[in-house]
Each structure stands twice: as C-alpha cells, then as structure tokens.
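Given two chains presented individually in distinct reference frames, assemble the corresponding complex, making use of the accompanying hints.
The residues making up each chain are set out below.
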Amino acid sequence: MDSAPVLEVRNLHTHFFLRRGVVKAVDGVSFALRRGEVLGLVGESGCGKSLTALSILRLLPQAAARTIEGSVLLDGEDLLAKSPGEMRAVRGQRIAMILQDPQTSLNPVFSIGNQLHEALARRPDNTGRSLRERAVDVLRRVRLAAPEQRVGQYPHELSGGMKQRVVGAIAISCAPEVMIADEPTTALDVTIQLQYLDLLKELQSSLDMGILFITHDFGVVARMCDRVAVMYAGRIVETGPVREIFDNPVHPYTQALIASVPKLRRKTGRLRAIEGQPPALSDLPVGCRFADRCPHAEPRCLERYPEAVNVGENHSASCWLAA
Amino acid sequence: MQRYILQRLVQGVILLAVVTSIVFFVGRMTGNPVDMMLPEDATEEDRQDMIVRLKLEGTVMDQFGVFIVDAVQGDLGTSIRYRQPATDIFFSRLPNTLLMIPPAMILAIVMAVPLGVISALRRGGIIDRISATIAVLGISTPNFWLGIVLIYLFSVTLGWLPSSRMGGPLNYIMPTITLGTFLVAGFMRLIRSSMLETLDSEFVKLARIKGVSETAVIWKHCLRNALIPVLSLWGVFMGGLVTGAIVTETVFAWPGIGRLTYEAVIFRDYPLLQAVIIMDAIFILFINLLVDILYAYVDPRIRFE
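So the protein lines, in turn, are chains H and Y. Numbering of the first sequence is given in the numbering used here, commencing with residue 1 and proceeding in unit increments. Numbering of the second sequence is given in the numbering used here, commencing with residue 324 and proceeding in unit increments.
These are calculated hints, taken from the structure and not from any lab test. A hint or two may mislead.
To be verified - The calculated lysine-lysine pairs, modelled on DSS-like cross-linking and capped at a C-alpha distance of 30 angstroms, are: (1) H:K82 - Y:K543; (2) Y:K528 - H:K201; (3) H:K82 - Y:K528; (4) Y:K528 - Y:K543.
If we strip away everything but chain Y, and leave its shape as in the complex, we get (with noise of 0.2 angstroms):
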C-alpha cells in the first residue's frame, strides 16, 4: 500500500512537470503581457524595467528556467494583474469553489443513483424514459447555455433566483444546476447499465436463492457492486468538475477559482494562469488518488502490489 502510493506520487511529479511545461509554452504563445499593460506613451525605458519586474528577460527557454528554479522552491510568480503571489489568490479563492463543487456532487448522487437503478429495475418503462431523456439532454446541452437559460427563466422573467455572485443559500441553486448537469447524466447512464449487468449475475440469483430480501439483494448485493465502476470514472469525473467549474463561475459571477482561471487567460497574467492550472492539475491528482485508494475499500479484489 505504503509502495503504491509513493509510486503514484512519482508519477504525479512526472506529470506535474509535464503539464507545468505545456502551460508555460501555451501560454506564452498568446502574446506578450508587457504590451498590454503599459500605456501607449511608455517610453522604451518604462518597457525594460517592467520586462526585468515580471522576469520575462531574456528568450522563452531563459524565463523557463528562472520559473522552473522558482517552482521548485514554492514560488509559482507574482500576478501581473494583482501584484500578488499567484499562489496566495488561488488560496484565497479556493474555498469559494470548494463550497460549490460539494452540492453539485450531492445533486448528481441523489438524483443519479436512485434513477439509474430504477431505470435498470423497470427497463423500458416510464422512469427508463424520462431518465434517459434527462441524460440526453444532460450530456448534450453545453453548461454555459444552461446556465444562460436558468439566468432568463429564474432571474430575469420570474425573478425568483439572484443571478450571480455568492450568498445566500439561493445563489447556489442555479450554480448547482448548471455543474451538476452533466455529472447527473454521465452517472445515471454509468449506474443503469452496471446495475443490469449486475442485475444477470450468478451471486444475484444465489442471494435470492438464499432468501435474501429483494430490496437487500438490489440495495446491498446489486448496488455494491454497480459503484465499483462508477467509483473509477469519478477521476475522470473530478477533471470535468474542474472544467465545468471555469465556465459556471464565469456565468454567474462567481469568485472562485474557475472564475480566477478565466481571468488570467483574458489578461495574459502568466504567472497566475500557470499557478492556477498547476494547483489543479495537484487537485486532480490528490483525487485520483484518494480514489484508488478508497476502489480498494470497496472491490477487495483490488490490492496494491
């Protein structure tokens, strides 16, 4: 176990440092920061000083290393727009989007879960229908559409909901909504079919043989072993929540990471872009492995060697 998950951790360095550099070159690649921020009568002076301040001296592969010697220290860059350590505004937006993720999780469960073993249960009935309807429509509508619509229907013509920014409890149903969506579908799809492929199997007919009671053999016996796959794509998952998130923030206003991400493509702020890119990419990585670990809680079968 102790093996498997310093050899995770090795993996995660290795990927660490490969998305660092795409980020870093991609980024680089949008233009230059410099001539967007000084006004138009900078004089060729003011341009060198602030090249030296935002240590973009020299060629693209010199600021690679002086960024690479700087990350390794726990130094990700100052942001140009903010002037502050990039690493300290991606902290103090974190926990606006760590208070959103958690009730489109919620939403996707209790919504996915039941309906997806009915769905099983009762196949071609309504309930098969009207779920599959809702996958459908989950998976294809783009969540920034989504998030438009709710906006017009609930805040601009009935009024009822904010639209943007935090507060109350009310400002987070549309959020929930509109990053839960496709959480909701791709989930409901996943536990239906493994529910009906765990539906047909021997152990399912010799608890029933047992006498086991059917709401236990679907409930414990079925359910039990559906999540194990759906446990494994909530990896996968946990990168389009990520993804998801830039663009529900950015739709409603709201302060947090995904929001902040946005805003450092829009202004070039490299150092803040690739700070808030490397942060996740950690995240991404911190859950996948959590996940591993709790696959082997769940499927003894698994083990670490």
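Pulled out of the complex, with its shape left as it was, chain H reads as follows (with noise of 0.2 angstroms):
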C-alpha cells in the first residue's frame, strides 16, 4: 500500500466568483490515491465533494468557477498545467467518471452501443474486433444480461441499475488508472446498491484502478472504502484508514457523522443529528469551520484554523483537540 499515489490532489482551490462575493467551495483540499486503493470522501450535501472531483476533471460546471491555487498531479504529471487538448486525453482515458443519476447520465437519442463507442474509439484495439464487438464485450464484463441485444437499445428501454451498468461500461472501457464514483449508488434500489458495489470492487481490481468514492453514506464507506477523507465545508478534516476512522474518529465532525449512522443491532432511540448549519462558503470564519456546531469548541477554534496533525499510523485530522 506504499507505492507512489497515482493521484495526488495538493491545496486545491475552486472558488465560484460571483457579482455578490467569492464562494470558496473547494478551499484548500489534499488527499492521495494510491493504484488498486479505494478512498471514500465522505460530507454531507454542498462541503464541495462532487466540486472537487469536477476540479480533478477540470470540468467546472460554470464559466464563474475556476480553480485558482493547488496541483492535482496524476502520475506525478500537473493536470492544472495541461492544454485543453492534453486534458481532454486524459478525461475518459486515464480518468473516468460515474455520475449519481443513470436517468439522466445517457444522452437519451443515442443507442447504448453508439454512447460506447464513443468511448472505445478513443483507444486503440489491435485484436482486430470491430467497435460492436468490443462494445459487447465491455458490456459483459459490467455483467449485463443479453449484451449482444443492449447494443442496439435507447437508454429509456433499460432500468435504473442496468443504465448504472452502461455507465460504468463507459467508464472502463478504456482502462482508466483512476475512476472517480460520485455517489452512483445513490439512485438506485438497495438491492440493486449493493449488487453495483461488488461490480466496482471487482471491475477495480481486475483493472487495478484507484477510486476516489464520493458518498454521504457511511454504510457504502464501510463495504467500499480502504481509506476515508472526511470533507467539510470546502475542506478535509480528517483522513484515515476506515477502521481506524469507525473505531477511532478523532475530529468531532467524524464523530458526529458516524454517531448520525442508524444501527440495526444497537436500540439508540432517537437517531442524533448534527445541531446547526455549515458555515456559508461566501463567508467563512478564520477558525476552524464546525467551531459553531462543535459540542467541545474551546476559544482558539475560533481564532485559528487547526493544521492537520497526525494521529496514528496514516491517520490524520484538523482539530486542535488532537494536537
């Protein structure tokens, strides 16, 4: 697990500059990801998670964001400092994406076998195999029934889970070292969630790609995961192995994320909730950012942003409580 990062995010900045103030929504996030490892970033809804792999991407949503500050080096090459056309060799090729919501993820005039294609020919194959082949091949390995039939389907004759499949076809088919999977579990049924989850390990070890899992979901974390960075309001505020960060959490954000889990087996009563909101982005404290909703805030949280500390082997967190 030692081996060098295939992809390293340093001090990434993405701010939105907007006529009524700057959002900094992504301000400040480091995290690496190591081949054939799985590392959740975890958050609730806006902490900038989906901001921060669209940054990796450099597919900012509006002509507003910009990413003003950071390195994101893939394979030790800057990604911030590629040509457009550079970039876009790497997007679907070396990186590749999930997106949450396979209803909308498909363009829906397209056949299945045209959106694929699109994909593979982007890579060369030198067994010979046409594009159909290959497309029918990619579609079996993301284990989706009858794909000699798909091919030649609309997205709007397949289900939830099977268009989920289609996507994460797209994704691999050109053996990406990095796939990123923003929360593409969230919209399916649970049965059909836990089926699509085993699908990924299996599609990442057999390509030995690293995984950056976005999800709010620390059930997901927990199956996924190997290593978790907890997000917060534009930033990462712990990072750790995931046992580590179930059996020890160390910043209390961590803690009352996991508190927040429902247990089956554990009578808790009243499920507990996170009292207060995240601070708004346009205007943050020059604390730490869950000072205000932070049942042990002592006076300098409020002062000063806490570094992070290390806490253990490969386990860190920003709280001056654990300094």
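Below, the structure written as structure tokens:
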C-alpha cells in the first residue's frame, strides 16, 4: 500500500467568483489515491465533494468557477498545467467518472452501442475486433444481461440499475488508472446498490484502478473503501484507514457523522443529528469551520484554523483537540 | 405504427369536416355573389338562371347539403370567377407556392440553427444580443409591412430587385425574406432555449467526461436533443407559413395559393375559397402527420402505441 500515489491532489482551491462575492467551495483540499485503493470522500451535501471531482477533471460547471490554486498530479504530471487538448486525452482514457443519476447521464437519443463506441474508439485496439464486438464485450464485463441485444437499445428501454452498469461500462472502456464515482448508488434500489458496489470492487481489482468514491453514506464507506477522507465546508478535516475512522474518530465532525448512522443491532432510540448549519462558503470563519456546531469548541478554535496533525498511522485530523 | 397513422387519418377526416363547415358558413355571411356579378340591368330571369348555375338555390342548409354530396365525390365546385373546377385552379397555382416555401424554410434553418446555438453558448454575448434583437424585430414586424418596406427600399429607391411577380432568382429574394423572417425569429429563440436546457444536462457532462470533443458535444449530443421541441413546433409553423404566404404573395403579386385565397375572398368566389381552404387544411394535416412520424426517428422514446 505504500506505493507512489496514482492521483495526488495538493492544496486545491476552486472558487466561484460571483457578483455578490467569492464562494470558496473547495478551499485547500489535499489527498492522495494509490493504485488499487478505494478512497472514500465523505461529507454532507454542498461541502464540495463533487466540485473537487470536477476540478480534477477540469470540467467546472459554470464560467464563474475557477481553480485558482493547488495541483492535481496524475502519475506525477500536473493536470492543471495541461492544455485543453491534452486534458481531453486524460478524460475518459486515464480518469473516468460515474455520475450519480443513471436516469439522466445517458443521452436519450443515441443507442447504448453508439454511446459506448464514442468511448471505445478513443483507445486503439489491435485485436481486430469491431467496435460493436468490443462494446458487447465491455457490457459483458459489467455483467449486463444479454449484451448483444443491449447495444442496439436506447437508454429508456433499460432500468436504472442497467443504465448505471452501462455508465460503468463507458467508464472502464479505456481501462483508466483512476475512476471517480460520484455517489454512484444513491439513485439505485437498495438491492441493486449492493450488486453495483460488488461490481465496482471486482472491476477495480481486475483493472487495478484507484477509485475516488464520493458518498455521504458511511454504510457504503464501510463496504467499499480502504481509506476515508472526511470533508467539511470545502476542506478535508480527517483522513485515515476505514477501521481507524470507525473505531477511533478524532474530529468531532467525524464523530458526529458516525453517530448519526442508524445501527440495526443497537437500539439507540432517536437518531442523532448534528445541530446547526455549515457556515456559508462565501463568508467562512477564520478559525475551525465546525467550531460553532462543535460541542467541544474552545476559544482558540474560533481564532485559528487547526493544521492537520497525525493522530495515528496514516491517520490525521485538523482539530485543536487532537493536537 | 400503422394503427397510429390510421388513427391520425380518422382524426384528420373529422377535423376536415369541421373546417369545411366553418369555411362554408362563414363564407356565406359575406353576402351574395350573384348581386356582385350581374350587371345592373339584369332581369329576375337572369338572376334565377345564375343562381341555378352556381348551385345557390334554396336555404343555406340546402346549399350545404349539395356541397357536401359533391365534395365527398371530389368535386369542390366550380369557380365563379374563373369558370373552371376550383381544384384545377388550386393545383395550377400550387407549384408557385411550393417554390416559395422551401427557400423560406432554408433561410430559417440556415440562420436559426447557428445563431440559436451560438447564442446559447455565449449567453449575454454580442451574438446573443444581436440575435435577440433580430428575434424581437422578426416576431413583431408584420410581414405585409416588411414586404412593402423591402419593395420601397430595394426596388423603388435602389432599383436592385424586381418588385413583384415570378421570374429569375432575384425575384425570390424579397418574398423569401418576408415569409421567412417570422420563422427565423421563432426557431432561433426556441433553439437557444432548448440548447441552454440541454447544455446543463447530465448526459452532456458525461460526454465531456468521456473526452468527447467540444464540437461533438455541442453539434451531436446537444443539438440532436435540442431539435426535438423545434420539430414538434414545425407543424404549427406550417400553419403560419400558409397564412404568411397569403400576405406575401399578395404583396409581391405572386401567382400562388396565397394570392388565390385572397382573390377568392375579395370576389366572393365561395367554391374557390372553400376549395383552397380545404386543400390547405389537408396540406397542413399531412405535414403534421409527417412531422409526427419524423419525430419517432429523432426521439427513440416516442413509440406509437
């Protein structure tokens, strides 16, 4: 596990420059993803998880969003320094991504085969097979039933779970080094979710990809991830191996998140929720961003932002209490 | 599919029956053509003679009965003014109108698609603002006025273009602009708004994630989806094109269906008016059916069941 990271994000800042001010949606995010590893990026809605992913691919949603600082290293090459043409060669071929909602992520007017061909055609294949054969093959790899028939079908003819398998097939069609999965199972039925997670695991080990797995569900984290990065208000507040984070969470936000996961075996009565709201990203406090929701907050928490400190093996947290 | 077409055809026949009755009764309200056509010194005998010849005997309901019986046999009556079967006159004028509609449509497509797409891509930019201005002008300018202004400018003042009638390619320029302007405006705004909607969708994001080139993202992934609402309005615009042709052909003295309709109204030529309107209705119904069938090819989600 100590190999060099395939993807390393250092001090990434992506802000929205709006007329009413600057929204610091991603504000100093750093993490490293190794080959064959699943890193969970966890946090509540609006904390900057998806924007981090889109910043890596340099596909920011609006003209107003810009990555102003930091670096994104893929095998040591900085993606932020690449030209648009070079970046296009990275997308799909070296970094793939699965989006949240399979119902809307396939183009309704093109056949499944057509949409796969676009991805497959970018990688030369010297086995002499046709695009169609390769499409059938990649659909078989994502365990889609009757792949020969599927290539001619349109998205509306498939169920949500099947569509998400197609999206997965598009993602693996160029054998990427890194896959970003942005809440890939949130829109699926619970039974389908587990099958899909198993599929991702299987694809990961056969292709030796690093997966950046974005989710807000700690149950999914426990099942999928090797390591977890917990994100809050644009920054990563705690990183560590999954077991460590579950057994010994250090940051009060992580503790609160884990406490809010319902447990089947224990009767805990009411679910615990975190009081209050995250701070506005356009008006962030100078100190710890969780301070005004934190039950252990001290005066120094409001004054200065706590730098990340090591609290165990590969386990670090940004909290004054841990220092 | 076949069942769907059959269903649409049955609906079309019902619609035609309604259109026919409206045209018939509204036409009769404009007065009696016999009074207009006879010389002032005509005798009562001449009058009766003409009434019989024009099938204008009895009450309006009686006339309607006679008309329907003839109509279902394909006889829409004889033009009072031309003294020829009304359908013959219609078909002799039809080619002239059919020559005028395609240039107007081509103008609409050639201008509206690129301008609409670019306006959506560069929202608030110069091209967006210019095309918004063109659209407002195009929608709010009455086309008879536009036609007259064009004639004044390019024929009377500059002497560059012929002011009326059919002829060489130059004769097509002003009628095409006059007829096509409202189409350009409508399509351009429609393409712009549906492009904006499509550009925001997840499948466009996924296409970019796949590494599809920006050109293919816009002109393949987005445009194909953005054209679906445009296509569905095509049928509606066809109706506008027919009325637009009436005005344009009248302004430019173009011997087509539009001008024929105008003449039929002016001369109280009921049989001709009825024939023209009914044939127009058939034409519009047919185009709409064609659009619906085409729709299924563009949007695979549409199935005829």
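Verification of the supplied hints:
1. H:K82 - Y:K543: holds, 26 angstroms
2. Y:K528 - H:K201: The given pair, whose Cα atoms are some 24 angstroms apart, holds under the 30 angstroms limit.
3. H:K82 - Y:K528: holds, 20 angstroms
4. Y:K528 - Y:K543: holds, 14 angstroms
Checked against the numbered hints given earlier, this structure breaks none of them.
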